[in-house]
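**Q** Here is how the chains run, residue by residue.
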Amino acid sequence: MKKNDFKKQLLIDFVSIAAGYVLMRVLFAAGIINTYWQGIVLNICINVILTVSLNMTSGFLGELALGHAGFMAAGAYASAFFSKTLKLLPVIEFPAALLIGGLTAMLLGFIVSLPALRLRGDYLAIITLAFGEIVRNLLKNMDIVGGTKGYSGIPAYTTFTWAYLMAVICVLATRSLINSRQGRSIISVREDEIAAEASGVNTNTYKFLAFVFSAFFAGVAGALYAHYMRFLQPGVFTLDKSIEILVMVVLGGMGSIRGSVISSVILTVLPELLRSMSDYRMLAYSVVLIMMMLSKHSETVQAALEKVKGMFGRGRKEEVHS
Amino acid sequence: MTNVLEVRDLGINFGGLRAVDGLNLDIEENQLYGLIGPNGAGKTTVFNMLTGVYEPTDGTIKLNGQLLNGKKAHEIARLGISRTFQNIRLFKDMTVLENVLISLDTQADYGLFTGILKLPKFHAQEKAMEEEAMSLLSVFHLEGDAHKLAKNLPYGKQRELEIVRALGTHPKLLLLDEPAAGMNPQETQELMDTIETVRKQFNIAVLLIEHDMKLVMGICEKITVLNYGTMLACGTPDEIKSNPDVIKAYLGE
Numbered sequence: 001m002k003k004n005d006f007k008k009q010l011l012i013d014f015v016s017i018a019a020g021y022v023l024m025r026v027l028f029a030a031g032i033i034n035t036y037w038q039g040i041v042l043n044i045c046i047n048v049i050l051t052v053s054l055n056m057t058s059g060f061l062g063e064l065a066l067g068h069a070g071f072m073a074a075g076a077y078a079s080a081f082f083s084k085t086l087k088l089l090p091v092i093e094f095p096a097a098l099l100i101g102g103l104t105a106m107l108l109g110f111i112v113s114l115p116a117l118r119l120r121g122d123y124l125a126i127i128t129l130a131f132g133e134i135v136r137n138l139l140k141n142m143d144i145v146g147g148t149k150g151y152s153g154i155p156a157y158t159t160f161t162w163a164y165l166m167a168v169i170c171v172l173a174t175r176s177l178i179n180s181r182q183g184r185s186i187i188s189v190r191e192d193e194i195a196a197e198a199s200g201v202n203t204n205t206y207k208f209l210a211f212v213f214s215a216f217f218a219g220v221a222g223a224l225y226a227h228y229m230r231f232l233q234p235g236v237f238t239l240d241k242s243i244e245i246l247v248m249v250v251l252g253g254m255g256s257i258r259g260s261v262i263s264s265v266i267l268t269v270l271p272e273l274l275r276s277m278s279d280y281r282m283l284a285y286s287v288v289l290i291m292m293m294l295s296k297h298s299e300t301v302q303a304a305l306e307k308v309k310g311m312f313g314r315g316r317k318e319e320v321h322s
Numbered sequence: 001m002t003n004v005l006e007v008r009d010l011g012i013n014f015g016g017l018r019a020v021d022g023l024n025l026d027i028e029e030n031q032l033y034g035l036i037g038p039n040g041a042g043k044t045t046v047f048n049m050l051t052g053v054y055e056p057t058d059g060t061i062k063l064n065g066q067l068l069n070g071k072k073a074h075e076i077a078r079l080g081i082s083r084t085f086q087n088i089r090l091f092k093d094m095t096v097l098e099n100v101l102i103s104l105d106t107q108a109d110y111g112l113f114t115g116i117l118k119l120p121k122f123h124a125q126e127k128a129m130e131e132e133a134m135s136l137l138s139v140f141h142l143e144g145d146a147h148k149l150a151k152n153l154p155y156g157k158q159r160e161l162e163i164v165r166a167l168g169t170h171p172k173l174l175l176l177d178e179p180a181a182g183m184n185p186q187e188t189q190e191l192m193d194t195i196e197t198v199r200k201q202f203n204i205a206v207l208l209i210e211h212d213m214k215l216v217m218g219i220c221e222k223i224t225v226l227n228y229g230t231m232l233a234c235g236t237p238d239e240i241k242s243n244p245d246v247i248k249a250y251l252g253e
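Just so you know, the sequences run in chain order A and B.
Residues in the first sequence are numbered from 1 upward in steps of one, following our numbering.
Residues in the second sequence are numbered from 1 upward in steps of one, following our numbering.
Calculated from the structure, these hints are not laboratory results.
Note that beta-carbon positions come from the ideal geometry of N, C-alpha and C, so glycine has one too.
No incorrect hints appear here.
Pairwise CB distance ranges, derived in the manner of DEER restraints: (1) 19/A x 30/B: 56 to 62 Å; (2) 87/B x 156/A: 57 to 63 Å; (3) 87/B x 303/A: 32 to 38 Å; (4) 118/A x 154/B: 33 to 39 Å; (5) 276/A x 152/B: 46 to 52 Å.
Build the full structure now, drawing on both the sequences and the hints.
**A** So, in structure tokens, the structure goes:
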């Protein structure tokens with residue numbers, strides 16, 4: 001990236017992030033987005049973090065990881081335990097809780113990455129799946145955080161501002177990492193591990209980096225979730241949750257950050273729009289999902305997407321990696 | 001002349017199969033060395049041992065006097081042995097430029113946070129890497145394709161890009177595994193010229209596996225012939241051409 005392009009990009013980013021925030025605030029204040037939908041907007045922010053961070057391992061590193069809900073759970077419970085136990089000023093306590101959530105998940109990410117460095121493909125998928133289940137079952141049996149009854153009385157710290165801020169940080173950090181030499185090396189592992197090693201890339205280091213980075217943000221998302229719901233239950237963080245996030249990654253496109261953001265918005269709003277169908281909601285959701293996956297590769301849709309991209313004047317290089 | 005590479009009694013077992021046995025290789029600085037032999041003779045296995053993909057069962061590999069046994073592939077790449085592959089292994093969904101930047105990574109040292117926060121050091125090093133990548137690409141006249149995806153290059157250019165990428169780690173020894181495979185006579189001739197240029201310009205030794213005898217005999221200064229994993233002959237192209245054992249291995253009695 002040329003330095004001038006970089007400054008221009010920085011300005012565009014800043015303006016669009018600020019504009020997005022102000023727009024949402026105005027819509028909230030004017031009552032166009034009611035309290036119920038404000039909650040959904042918050043969920044969107046959390047899902048954006050989860051999807052973009054999973055994209056780091058599944059999209060950029062190219063490893064199928066099925067334990068993302070486990071990292072989220074670890075972050076949620078650790079941060080909730082922290083803010084329930086300590087009675088600090090919310091201004092200090094919440095950022096600290098977010099950090100604690102992220103770091104706890106990161107630690108687990110480190111542990112999972114140890115076997116993950118030796119395994120590939122299906123085997124890694126099984127390991128991560130098992131990890132998610134281990135975390136959930138451990139939490140189920142930990143009375144200190146409520147066990148199966150659930151963990152309640154968590155302070156309601158998560159606001160739209162916090163969730164938006166964290167989502168922005170996650171997206172920017174991920175994009176920035178991908179556009180650095182470390183990010184290039186992560187992608188080279190996906191492209192051809194043997195060639196990467198032969199080119200001097202320590203593939204283990206970069207696999208480890210991708211796992212830990214991904215886990216950190218999943219933990220932050222968990223922390224936001226905990227202080228928004230104010231009640232945690234191990235039953236939330238099942239394999240279904242991991243799959244749900246993976247579906248968002250796949251729909252948005254493996255290795256596409258923009259795609260991840262868009263698909264997490266669509267797939268968070270969609271079930272709400274289908275609420276009127278009551279019993280048939282999940283059935284309709286699946287049908288719509290299949291239709292979206294099929295149409296994603298149709299020529300008409302592709303042409304329309306190209307047009308939209310053209311309007312923003314994005315170059316070829318950007319389409320590949322961001 | 002000092003030896004860049006010294007291989008002594010190199011051998012490897014795959015289960016009960018002795019794939020390579022008692023191989024000695026001495027490659028001098030800036031030498032163009034050929035490794036030939038019938039199919040299945042163990043040539044690529046030798047490459048894989050030299051680059052750390054396989055761990056040799058016995059024997060030693062020394063690069064400029066430094067023992068390479070037990071080192072990982074990426075460490076060996078950084079120490080100065082670089083390679084291409086028999087079946088092209090490019091980073092297909094990355095651009096041509098990025099393919100070269102990956103191996104030039106060995107020349108950069110900015111940290112993770114410098115990269116994420118895009119500090120001045122990031123810009124300085126990325127700019128230097130990009131300039132070097134472009135000048136490497138221009139050796140093979142690939143600079144015009146820099147922003148194409150590697151998979152969209154024609155076959156011949158993909159082979160050349162692999163060589164450019166291999167040069168990115170600043171090797172002392174370059175291993176080329178059948179660089180002329182699938183090329184027509186004219187492309188092969190161009191490739192021979194390029195290998196010569198590269199060797200002179202970058203002052204590196206080249207070890208070449210090749211089936212195209214015209215290419216091997218034409219440019220190699222010294223040749224080792226492998227057959228069934230053992231060294232059959234070693235010498236200059238003329239000595240090899242007249243060696244009765246080599247003729248027997250290739251043509252039968």
